[in-house]
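Chains as they are written, first to last, in my numbering: chain P, 1 to 112; chain B, 113 to 224.
One should not assume that every hint holds.
Counterexamples of contact, computed for chain B against chain P with all Cβ distances above 12 Å [what the hints assert, rightly or not]:
1) Glu150
2) Phe152
3) Met154
4) Ser160
Partial list, computed: chain P residues near chain B (C-beta under 10 Å) [stated by the list, open to error]:
5) Ala6
6) Leu7
7) Asp8
8) Ala13
9) Asp16
10) Pro17
11) Ser24
12) Phe40
13) Met42
14) Gln62
15) Arg65
16) Gly66
17) Trp70
18) Leu78
19) Met85
20) Gly87
Treat the hints as calculated values from the structure; they're not laboratory data.
Note that beta-carbon positions come from the ideal geometry of N, C-alpha and C, so glycine has one too.
Residue strings, one per chain:
Protein chains: 2
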Amino acid sequence: MATPYALDTVFAALADPTRRAILSMLLEDDMAVTDVAEPFEMSLAAISKHLMILTRAGLISQEKRGRVKWCKLEPDALRDASVWMQGFGQFEPVNLEAFERFLERELGGDSG
Amino acid sequence: MATPYALDTVFAALADPTRRAILSMLLEDDMAVTDVAEPFEMSLAAISKHLMILTRAGLISQEKRGRVKWCKLEPDALRDASVWMQGFGQFEPVNLEAFERFLERELGGDSG
DNA sequence: GCGACATTCAACCGTCTGGTTGATCTTTTC
DNA sequence: GAAAAGATCAACCAGACGGTTGAATGTCGC
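The whole structure should be built from the sequences, with the hints applied where relevant.
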């Protein structure tokens, strides 16, 4: 079934740097909430809220196993938004290098 | 020079349906503020604010000629954001059909 | 220069956001 | 079964957002 995730919610979720950083982290592996929160100078509750927003947007899913809640990236939710944007720009095809530069910049990886 | 437009601003600008509709309208042609506002049931001042947000995000440019301010789409500002999103999904290449379906849906073009 | 037009400014309002803290709930561990 | 860990809830706060209205600014046309 075609994703009914509203663009509103997806774009709004992506508009926050903390949430984009979380998504980047989840690219590598699924993570528990506490581990997601670890690199941020912010309360666990704040991270929990961010994860809620990402979940509502369909960008991640959360599964509770025991007392640990695992967060998993759901990149499909990005497809509609991606299609929308490409419709405007008709940009060059996927450029992974550019993307990795972004991740470095966003995660503050410019120091070394 | 590579666009320094912050992803924050671009995604936040895209998170509002009115603003996305405005961008869609500007795909077809440059428009004056009053003409942009015409199809919306909203004050001119509100539209003016939306246009300001789109301008700050770099998604449009505004040029004043006489007493008319012309709005022009600047799709380049979408490139960075598009690259970012594609990095996650590595979706199928540009799908114009899907995009047009979106425009129809978003602009409420289903009524006839 | 006066009136009409195009657009923004300024003040205001209700709501959402992003953060805090402390309490709460569930699950694990001993 | 009590303590500790994982995570959320609840209440609160400052600030931004999306909208309104009315006044102000600037420009065109006569």
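Quiz item: What are the numbers of the hints the structure violates, in ascending order?
Solution: Violated hints (numbers, rising): 12, 13, 14, 15, 16 and 17; every other hint is consistent with the structure.
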